[in-house]
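Colleague: Spelled out from the first residue to the last, the chains are:
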Amino acid sequence: MTELVQLLSYPFMARALAAGLVVSVLAGLVGVFAVLRKGAFFGDAIAHSSLAGIAFGLLIGLPPFWPAALYTLFLAIALPSLKKNSRLPLDTLLGILLPLSMGTSVLIFSMLPGYQPDLISFLFGNILAVTTGDLIWLGALTVLALLLLLYLGPKLMAVTIDQDYSQITGVRVNRYEILYHALTALTILAGIQLVGVVLMNALLVIPASNVSLFAKSIKSMLIYTPVVAALTALAGIIVSAILDTPSGATIAVLSGLFFLGGLMIKKLRN
Amino acid sequence: MNELGVRNLSVRYEGQETYAIEGVTFDLPTNTITVVIGPNGSGKSTLFKAILGLIPYQGKISYSDGKNSDPHFHAGYLPQRFVVDQSIPLRVDEFLNLTLVTCKHLKAEKLNMITEALTQVGAENFHNKLLRDLSGGQLQRVLLARALVHSPELLVLDEPEAGVDPGGEKIFYDLVKKLVAKKKITALIASHEMTLVRSYADQVICLNQKVICAGPPEKALKQVSLNKLYQEDLWPHSLHTK
Numbered sequence: 009m010t011e012l013v014q015l016l017s018y019p020f021m022a023r024a025l026a027a028g029l030v031v032s033v034l035a036g037l038v039g040v041f042a043v044l045r046k047g048a049f050f051g052d053a054i055a056h057s058s059l060a061g062i063a064f065g066l067l068i069g070l071p072p073f074w075p076a077a078l079y080t081l082f083l084a085i086a087l088p089s090l091k092k093n094s095r096l097p098l099d100t101l102l103g104i105l106l107p108l109s110m111g112t113s114v115l116i117f118s119m120l121p122g123y124q125p126d127l128i129s130f131l132f133g134n135i136l137a138v139t140t141g142d143l144i145w146l147g148a149l150t151v152l153a154l155l156l157l158l159y160l161g162p163k164l165m166a167v168t169i170d171q172d173y174s175q176i177t178g179v180r181v182n183r184y185e186i187l188y189h190a191l192t193a194l195t196i197l198a199g200i201q202l203v204g205v206v207l208m209n210a211l212l213v214i215p216a217s218n219v220s221l222f223a224k225s226i227k228s229m230l231i232y233t234p235v236v237a238a239l240t241a242l243a244g245i246i247v248s249a250i251l252d253t254p255s256g257a258t259i260a261v262l263s264g265l266f267f268l269g270g271l272m273i274k275k276l277r278n
Numbered sequence: 003m004n005e006l007g008v009r010n011l012s013v014r015y016e017g018q019e020t021y022a023i024e025g026v027t028f029d030l031p032t033n034t035i036t037v038v039i040g041p042n043g044s045g046k047s048t049l050f051k052a053i054l055g056l057i058p059y060q061g062k063i064s065y066s067d068g069k070n071s072d073p074h075f076h077a078g079y080l081p082q083r084f085v086v087d088q089s090i091p092l093r094v095d096e097f098l099n100l101t102l103v104t105c106k107h108l109k110a111e112k113l114n115m116i117t118e119a120l121t122q123v124g125a126e127n128f129h130n131k132l133l134r135d136l137s138g139g140q141l142q143r144v145l146l147a148r149a150l151v152h153s154p155e156l157l158v159l160d161e162p163e164a165g166v167d168p169g170g171e172k173i174f175y176d177l178v179k180k181l182v183a184k185k186k187i188t189a190l191i192a193s194h195e196m197t198l199v200r201s202y203a204d205q206v207i208c209l210n211q212k213v214i215c216a217g218p219p220e221k222a223l224k225q226v227s228l229n230k231l232y233q234e235d236l237w238p239h240s241l242h243t244k
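From first to last, the protein sequence lines are chains H and Z.
Read in order, the letters of the first sequence correspond to residues 9 to 278 in this note's numbering.
Read in order, the letters of the second sequence correspond to residues 3 to 244 in this note's numbering.
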């Protein structure tokens, strides 16, 4: 117990917990929309695709976050119009985009000389390496996303549940499609350092899916999902520090176990 | 007086060589029920979606004098199919509230509007029910309440009898007729059920890409018109059974 208290008193641990809290709350909220839209694959594909931006950043010597941010936001904004013009389902487009982006990133990484330690951290996250600067932009990103959700959330929910009817009631559906995609892209960017591109769905999709097993309304889903996501992230960070295991992987496994636990409780109740 | 005027309306979907509907012209008199009949694929849903501004069209759709051309100000809609996702814990009041997201009303006013709409369709106890727990008939009532919640002047119902048992169909149409009379609503309904069409329609439009016949039921539903509409071998099931 004293070891745990001592561990929590380290500044890097405090930063990790703060970052975990901020990102998981955001991911939990956006995840509700992802789950309601059946858009789990969208988050996964965008997260994996961001690796192309990261690789490009490393190739040209820029901080990889910015090319990754530009690339994922470009994808998020371009996808609705690509879907409209190609008349292909979003799922198919993502199935094309994911190998294209991943292939590009692998090719770029193969051009980089020597071992790439950053690659592992982008793939699976490294929350314990969060700096104060990281924490500031993570907080800013989260506040921006939360304000957007607070102000535009009801219309975004209307579009999520029924696009046609939203259009009849005067909601500009295309704008909200772009907003959702951009919010997801922002959330993924925020989560890369926490769980990495490979494990992002651990915070984006699993907590919302878990809460949906028990929720009696959309409102309760929106309240409890960020709570579950935050508890998962915080527990994952602490467990990973105690057991000296990779933080992203620990969060992902815990998230999955919580879901299985939820499923079992639901089964037993019925 | 007409609630809605449709002039030379044509829709061709992207990539298609033929028109889904072509040169459709009619008027919807205020406070009447107009039923559009026609075989599957005749363009009924396309016509409705064009009127609701959901798809691009050629031609002119005009509301009665002085009204905004945006259907948001006029129309309530009940779609042909509404699939309820069993994994979504969406409550009836939340579902109806989503229809009011563009309105400036206060929260309490919106709650009153929802209660009134549910009461109108006899679903006043449905507020806290989950959409996924409703039966087919109950869901149709809630969908009708959604169409009514914004106090529309035009009610567009695309085959509302789908998913409702035969006894429920009559109750549903009775309800619509009562609303049309009481709330000064004009209804545009697509249907295959000829018995109901004869009983409830003030005006019938026979559609098969073009308007084949139109007028009051006793005039429009003459055998020769129906033969032309359904090309004899494509008569709807209900023509034989009811």
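Calculated from the structure, these hints are not laboratory results.
Positions of the beta carbon are idealized from the N, C-alpha and C atoms, including for glycine.
Just so you know, not all the hints are guaranteed correct.
To be verified - Each computed DSS-like pair below joins lysine-lysine, with the alpha-carbon atoms no more than 27 Å apart:
no., chain 1, residue 1, chain 2, residue 2
1, Z, Lys106, Z, Lys184
2, Z, Lys106, Z, Lys172
3, H, Lys274, Z, Lys106
4, H, Lys227, Z, Lys131
5, H, Lys224, Z, Lys172
6, Z, Lys185, Z, Lys109
7, Z, Lys62, Z, Lys112
8, Z, Lys112, H, Lys227
9, Z, Lys131, H, Lys46
10, Z, Lys109, H, Lys92
11, Z, Lys112, H, Lys224
12, H, Lys227, H, Lys275
Stated by the list, open to error - To give an idea of the interface, some chain Z residues facing chain H are shown, with a C-beta separation under 10 Å as derived from the structure:
no., residue
13, Tyr79
14, Ile90
15, Asn127
16, Asn130
17, Arg148
Colleague: Does each hint hold? Answer for all of them.
Modeller: So, going through the hints one by one against the coordinates:
1. Note on Z:Lys106 and Z:Lys184: the hinted pairing holds, with a Cα-Cα distance of about 26 Å set against a maximum of 27 Å.
2. Using a Cα cut-off of 27 Å, the hinted pair Z:Lys106 and Z:Lys172 is violated, with the two alpha carbons roughly 36 Å apart.
3. Under the criterion of a C-alpha separation no larger than 27 Å, the hint pairing H:Lys274 with Z:Lys106 is inconsistent with the structure, at around 40 Å.
4. Of the pairs offered as hints, the one joining H:Lys227 and Z:Lys131 holds, with about 14 Å between alpha carbons and a cut-off of 27 Å not exceeded.
5. For the given pair, H:Lys224 sits about 33 Å from Z:Lys172 by alpha-carbon distance, which is inconsistent with the 27 Å threshold.
6. As the CA atoms of Z:Lys185 and Z:Lys109 are separated by approximately 23 Å, the hinted pair is consistent with the 27 Å bound.
7. Of the pairs offered as hints, the one joining Z:Lys62 and Z:Lys112 is violated, with about 33 Å between alpha carbons and a cut-off of 27 Å exceeded.
8. With a C-alpha separation of about 16 Å, the suggested pairing of Z:Lys112 with H:Lys227 holds against the 27 Å cut-off.
9. A hinted pair counts as satisfied when its Cα atoms are at most 27 Å apart, and Z:Lys131 with H:Lys46 qualifies at roughly 22 Å.
10. Taking the CA atoms of Z:Lys109 and H:Lys92, the gap is about 35 Å. The hint is violated against a cut of 27 Å.
11. A distance of roughly 21 Å separates the Cα atoms of Z:Lys112 and H:Lys224; the hinted pair therefore holds under the 27 Å criterion.
12. With a C-alpha separation of about 23 Å, the suggested pair H:Lys227 and H:Lys275 falls inside the 27 Å cut-off, and the hint holds.
13. For Z:Tyr79, the interface hint holds, the least distance from its beta-carbon to any beta-carbon of chain H being 6 Å, beneath 10 Å.
14. Because the beta carbon of Z:Ile90 sits about 6 Å from the nearest beta carbon in chain H, less than 10 Å, this interface hint is met.
15. Among the interface hints, the one on Z:Asn127 is violated; its C-beta lies about 16 Å from the nearest C-beta in chain H, farther than the 10 Å criterion.
16. The criterion of a C-beta within 10 Å of any C-beta in chain H is met by Z:Asn130, whose closest approach is roughly 8 Å, and the hint holds.
17. Because the smallest distance between the Cβ of Z:Arg148 and any Cβ of chain H comes to about 7 Å, under 10 Å, the interface hint for this residue holds.
Checked against the numbered hints above, the structure breaks hints 2, 3, 5, 7, 10, 15 and satisfies the rest.
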